[in-house]
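K.L.:
Chains A and B, in that order, are what the protein sequence lines are.
Using this note's numbering, the first residue of the first sequence is number 14, and each one after it goes up by one.
Using this note's numbering, the first residue of the second sequence is number 9, and each one after it goes up by one.
Honestly, the hints are just simulated from the structure, not real lab data.
Because the structure is a prediction, the values reported are computed rather than measured.
Treat the hints loosely; a few may be bogus.
[To be verified] Which residues of chain B face chain A? A partial, calculated answer using Cβ under 10 Å:
no., residue
1, 35
2, 37
3, 40
4, 206
5, 211
6, 220
7, 229
8, 231
9, 262
10, 263
11, 264
12, 265
13, 338
14, 481
[What the hints assert, rightly or not] Restraint ranges, calculated between C-beta atoms of paired labels, are given here:
no., chain 1, residue 1, chain 2, residue 2, range
15, A, 107, B, 209, 23 to 31 Å
16, A, 211, B, 449, 38 to 46 Å
17, B, 395, A, 84, 43 to 51 Å
All C-beta atoms, glycine included, are put in the ideal place defined by N, C-alpha and C.
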Amino acid sequence: MAAGKQKKADTASPVNSDAGTAQIVETLQHYEAPPPATFSKDDDFKAYRDMLLIRRFEEKAGQLYGMGFIGGFCHLYIGQEAVVTGMQLALKEGDQVITGYRDHGHMLATGMEARGVMAELTGRRSGYSKGKGGSMHMFSKEKNFYGGHGIVGAQVSLGTGLAFANRYRGNDNLSVTYFGDGAANQGQVYESFNMASLWKLPVIYVIENNRYAMGTSVNRASAETNFAHRGISFKIPGIQVDGMDVRAVKAAADLAAGHCREGKGPIILEMMTYRYRGHSMSDPAKYRTRDEVQQMRSERDPIEQVRRRLMEEHGFAEDELKAVDKEVRDVVQDSADFAQNDAEPDVSELWTDIYADDVPQAAE
Amino acid sequence: MATEILMPALSPTMEEGTLSKWIKQEGDSVAPGDVIAEIETDKATMEVEAVDEGTLGKILVPAGTEGVKVNAPIAVLLAEGEDESALESAGAQPKKAESRAEDQAGEKATSEKVAGDAKVPTQGMKHPEPKDPVGAFEQEIPEGTEMVSMTVREALREAMAEEMRRDENVFLMGEEVAEYQGAYKISQGLLDEFGARRVVDTPITEHGFAGLGVGAAFAGLRPIVEFMTFNFAMQAIDQIINSAAKTLYMAGGQMGCPIVFRGPNGAAARVAAQHSQDYAAWYSHVPGLKVVQPFTAADAKGLLKSAIRDPNPVIFLENEILYGHSFDVPKLDDWTVPIGKARIHRKGKDVTIVSFGMGMTYAVKAAEELEKEGIDAEVIDLRTIRPMDLDTVIASVKKTNRCVTVEEGFPQSSVGAHIASEIMMHAFDWLDAPVIKVAGKDVPMPYAANLEKLALPSVKEVIDAVKAVTYRG
Chain A
14 MAAGKQKKAD TASPVNSDAG TAQIVETLQH YEAPPPATFS KDDDFKAYRD
64 MLLIRRFEEK AGQLYGMGFI GGFCHLYIGQ EAVVTGMQLA LKEGDQVITG
114 YRDHGHMLAT GMEARGVMAE LTGRRSGYSK GKGGSMHMFS KEKNFYGGHG
164 IVGAQVSLGT GLAFANRYRG NDNLSVTYFG DGAANQGQVY ESFNMASLWK
214 LPVIYVIENN RYAMGTSVNR ASAETNFAHR GISFKIPGIQ VDGMDVRAVK
264 AAADLAAGHC REGKGPIILE MMTYRYRGHS MSDPAKYRTR DEVQQMRSER
314 DPIEQVRRRL MEEHGFAEDE LKAVDKEVRD VVQDSADFAQ NDAEPDVSEL
364 WTDIYADDVP QAAE
Chain B
9 MATEILMPAL SPTMEEGTLS KWIKQEGDSV APGDVIAEIE TDKATMEVEA
59 VDEGTLGKIL VPAGTEGVKV NAPIAVLLAE GEDESALESA GAQPKKAESR
109 AEDQAGEKAT SEKVAGDAKV PTQGMKHPEP KDPVGAFEQE IPEGTEMVSM
159 TVREALREAM AEEMRRDENV FLMGEEVAEY QGAYKISQGL LDEFGARRVV
209 DTPITEHGFA GLGVGAAFAG LRPIVEFMTF NFAMQAIDQI INSAAKTLYM
259 AGGQMGCPIV FRGPNGAAAR VAAQHSQDYA AWYSHVPGLK VVQPFTAADA
309 KGLLKSAIRD PNPVIFLENE ILYGHSFDVP KLDDWTVPIG KARIHRKGKD
359 VTIVSFGMGM TYAVKAAEEL EKEGIDAEVI DLRTIRPMDL DTVIASVKKT
409 NRCVTVEEGF PQSSVGAHIA SEIMMHAFDW LDAPVIKVAG KDVPMPYAAN
459 LEKLALPSVK EVIDAVKAVT YRG
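Okay, chain B solo, but in the shape it has when bound (with noise of 0.2 Å):
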């Protein structure tokens, strides 16, 4: 059958083009790869090259015309053994790659998505009561429960061991992690019990080690990836974001990576700009990560274990300072946070402070201030930046009509920020005051002392936010 040869696109925005050579004439032969004819745009010039193989039976476009528009029929090629009169039946219309019809069914499916998110509550001065005004939170350690006093190292530590000891293919690997035992020791002892193949020394190259994870990853192990802190993680976020987390999705959901990020995050002490960040918000906004930091040691504990078996990669923040916190630890056999739920860690009723990590630390203390001058302050750990636990939230500002966000991460863009614009969304008409962020200051980490403590948040910037949102002032 006699074949149409039609204006090829140079690339996807190119509409027209000019035809402006003819390397092949009517009556040549051509073989599949033949260059046949030279096109431009005011971009590029490109050649057109056979795909079927016959005899150039017609020129439709002769050489020189301009404006010919992409998909046009441009040729007629005959197949062997076709002459001339095929040139009448070569009525082949040009298949165009258009489906206009779906695009529009996909924007409205996608608009749909959107407008169902963005409900808005009808207006009303007076903010509407919520339906559980106490806020009941499920109790996640059974009653009874013997409690051990741990560090925030410890626990991080024996979830470790424990998955290891669970799953053969759990393996933990980074910058010291084996023969020194840590640089933070939180792989101490690890070496001992499950040996140098489990226990894997890298060399120091981030990028290197955290794709190589991610390949492992990808052929059904589960890696632990120990970053000696996340500043140093900025030199694999490629292979953290574009190969971890992407991957399911480009996939079609035919291949995951199974892999925690983990290791401290944010300032530490004295240490100045490039190893003081908190990325919470930085990886919290990218889907197909979920992202955890914890306060507690039984968070810590428990989210680390979940975060090992869960089927995504997970980056695990945790904090230098925190790592000699003790908390109270439920002594079970197997102790698991899911990951994705707030905690209620102090329950109140005259406003919500949202946490998390060492944010906590400022929270907890600025609530046992205001407590004294007789402001109830419910205190909410998110424990997973995501996804979010935005419904305890939501509950809360509902109960208390007040809202202070507390992190330590720089304020543009923030997890504030975020929860923030959720709560104008869908707790607008229960608010009585604007949501404040209490955030690290806009500025690289100074080293100076005063400085760097100036640069954090502090428990009297929490305190000033909630008695600003309370108006007391």
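Isolated chain A, as found in the complex (with noise of 0.2 Å):
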């Protein structure tokens, strides 16, 4: 984990030689990874309930994949919850949300309701795309979660049209753009980067390095690895985080949120996570070895880390928490049973929603 560690001459190193983009760097605003915010009872209290509903929905959707009742594909967001759950810590109403096909943690975390985004995964009508978007496809205008992507990185160049949109009706909403390390070389999110700096547009890059894209090795993608650098050439300062500690996240968060409220324009935050699960449900993941995954199962994992300190800090009892993973647990299987049970979308669904045919007048 680099967090805390970066300094400004981690960010010149790699361009001292060339005198032009030294001067770039020189004129980029450059942000030290803030030191983790400082969390109240409270704060660690819902942190650990949000995270776990998270962990505790993605394991109850496994065993549903498993069983038949979700189909297609199914990406797990196990290891990486305190990334969504710091960064919506820092939002504030009307702020964007969208990511790409791993995205059931984002759709909790922006309070879309967890019997609806299992309906949606067993593709049943009380969905929230009504059973014909599925896993990578998910939406919520009310919570202002604009997608589940399955195209890597297309959501990098939407999620900068929402900050357009933001600008243009010169509100102080920003958009939080996620991806990971993977999509982060697909040529659109450089378009993006170039246009969101250029026109100052107010986005959070949140990009997800949980090492692995796929099946592939950041080291093995990637010329260069540290994702916080990938936007110097586009005057986008970035910073590195601890993504396995929620307090670190949000101290992050908080720090860009200013930035772009401030019409400094993009920033980008490169979270260090891990994802304990493989690709998708039918990935074997040999790609790493079971100890790597267990080490940071044992030495890092963010809900371990919260329980730590209630108990051990905010002086919370082994009872009280076991409430707490009783009541997540409720909502989870209640979500299950809901979507096990819900119907499949009427037929007459095949025909509609392809075309909206409401020609609205002039707005305003």
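Combine both chains into one complex, guided by the hints.
P.N.:
Rendered as structure tokens:
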């Protein structure tokens, strides 16, 4: 984890041979990774509950997939829970969230209902997309969650467009655009970086570096593995963040949100995180050792970190935490029961929602 | 309650696998996320993780067992405080994710829909008379409307300016649209009137700004994205199809994409293969998109205004050569043309010529020539390629009993190919000759002037096709 270690020299060193580039770096607003945020008892308790919900939800989704209730692709977020949970704490009403296909955690973090998400996973009519989107394509306009996109990297341009709309309207909302270390090598990411910086668009690019793009480790796919530096050519500052510590994520998110809301343009947060499960359900994950996964789980687990704090620093009793565990488990079980028993979409739905037919009059 | 742990599927196609190893043994306590066993198929080995907390009460399938069916119970998990006596009561039958009845209902509904479309006319040597032998068509322009002559270029500019005045959410973005005043001067003057906030020069970055525009549309703005030519939109086609066209459906109707992608399309003159291609058939393939390709200035203006107001993504295909052509445009405060309605450009009784956009120039000239030879051609300007106004085409063919399609695009899977198949389905008994497609040649566009001319359709080819279907050789 490089969080908290980044120095000014890190940003300048790879480019100091080129005077022109060095000048760019000089004019680039630089940030150190801020120290982890101070969490009150309530903050930690809420973070614990939110992360646990994602963990249990994903475990249940994995189980339902195994039973054949969920079809197609199913990408679980287990291990990365601190990223969305911490980011969400810095957002305010009207801020938009968009991500790729590993999206269940993001949806729960934005407050979407477990029932609606799970029912979409099982392809039922009460799912967020009426069963027509599935795991990778879900949206909630109400919660400002803009998907759920299945094409690696496409959400980066789309999220930049959400930020463009904020700037166009002159509000102080921002767009949180999540993508992975794999998507970070797509060309449109850099097309978007360029425009976002050129036009000072309020977008936080959150690169969730979970070390593997499907089965390819970052060192095998990326010439520059420090993704926080990927914005240098576009004058976009970047910070590496300990994505396993929800307090570190929250502190970086606050800093980034401030940067965007002050009109300074985009910023990159590279979240150093880890996915415990395979890329998708049918990935045996042979590209890494079991020890590597086990070490992350036992030493860095985002939920266990908070659980320990709750007991050791905030004086929670085992029983109190068990009650939360049970409450979360009940929510997840309820969503699973609902999603298994809800009806499939009516066959007439095959032919709906292809075109919107309302032609609204001029807005405002 | 004791719960059964079921044999999981590694993929939707897996039916059975080998339970290769138990990591946890009977009596071990397990927590959610713990690996309890390993299973394998011919493709891969996977770990089975516990979802619930408890004690592994009984292993039902020993390690090494092959051919374990998906969803078969492989072990029983005892909850806290339960002992082995609970094993007896663990009769919870594994639920199966099946809904065969509904599946069948679905298939039935789908096949009914197809069958509905596929109703063929009854056999008969003589074709039946059409209901409307004259082929009435409604007058779009109110009688007595003053007409002013303007170029397609001016018409497009007026359409954008009027819609930008009307709706603050409409903005234009693209390469050279603002300070340069438009590579083809379509946006001339718009920067002066609307400012840099609403007329946005982009870097040369089609994939990026197409995606950015789609994102802005998701957020409720109404972008007009200009491609300097549609050839460059190939860089952006993923965002157009996967993001713009499909999101309304994938979102169950929650979130749509009101956006217009516009710019010159098709062959200009002497710009060779990479800059000369008609994308009408490409985009018309995609549900969720509307595809418009106007010929006249009146249609260009009225359709672009409708496209900007449309809540769906609209592909608006212009033509560089037509930009400078002048036509009469009705002088009305708010002239719009509905998307999805063809226009009968010229009434006739002997043959139906269907075309759109630049193809209309060949069709119209051919009809004039044919008139001198006593052949009275009806010329239909489709205007919208998707949704296609097949009713107008079919009604006309039922009257003339012959059809020729004209377009500049490649012949395979072309717009004409689709029209021909629809006519065959819906007006087979009315046809007196096969439908002939006049299209661009099945070659990349050459640069040499003589070859380029050969690669494009010609008035002569249209005339020859009409003579063939009317048996006047």
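K.L.:
For each hint, tell me whether it holds in the structure or not.
P.N.:
Verification of the hints:
no. : hint                       : verdict
1   : 35                         : violated (22 Å)
2   : 37                         : violated (15 Å)
3   : 40                         : holds (5 Å)
4   : 206                        : holds (8 Å)
5   : 211                        : holds (6 Å)
6   : 220                        : holds (4 Å)
7   : 229                        : holds (5 Å)
8   : 231                        : holds (8 Å)
9   : 262                        : holds (5 Å)
10  : 263                        : holds (5 Å)
11  : 264                        : holds (4 Å)
12  : 265                        : holds (9 Å)
13  : 338                        : violated (21 Å)
14  : 481                        : violated (45 Å)
15  : 107/A to 209/B: 23 to 31 Å : holds (28 Å)
16  : 211/A to 449/B: 38 to 46 Å : holds (43 Å)
17  : 395/B to 84/A: 43 to 51 Å  : violated (31 Å)
When the structure is compared with the earlier hints, violations turn up for hints 1, 2, 13, 14 and 17 and for no others.
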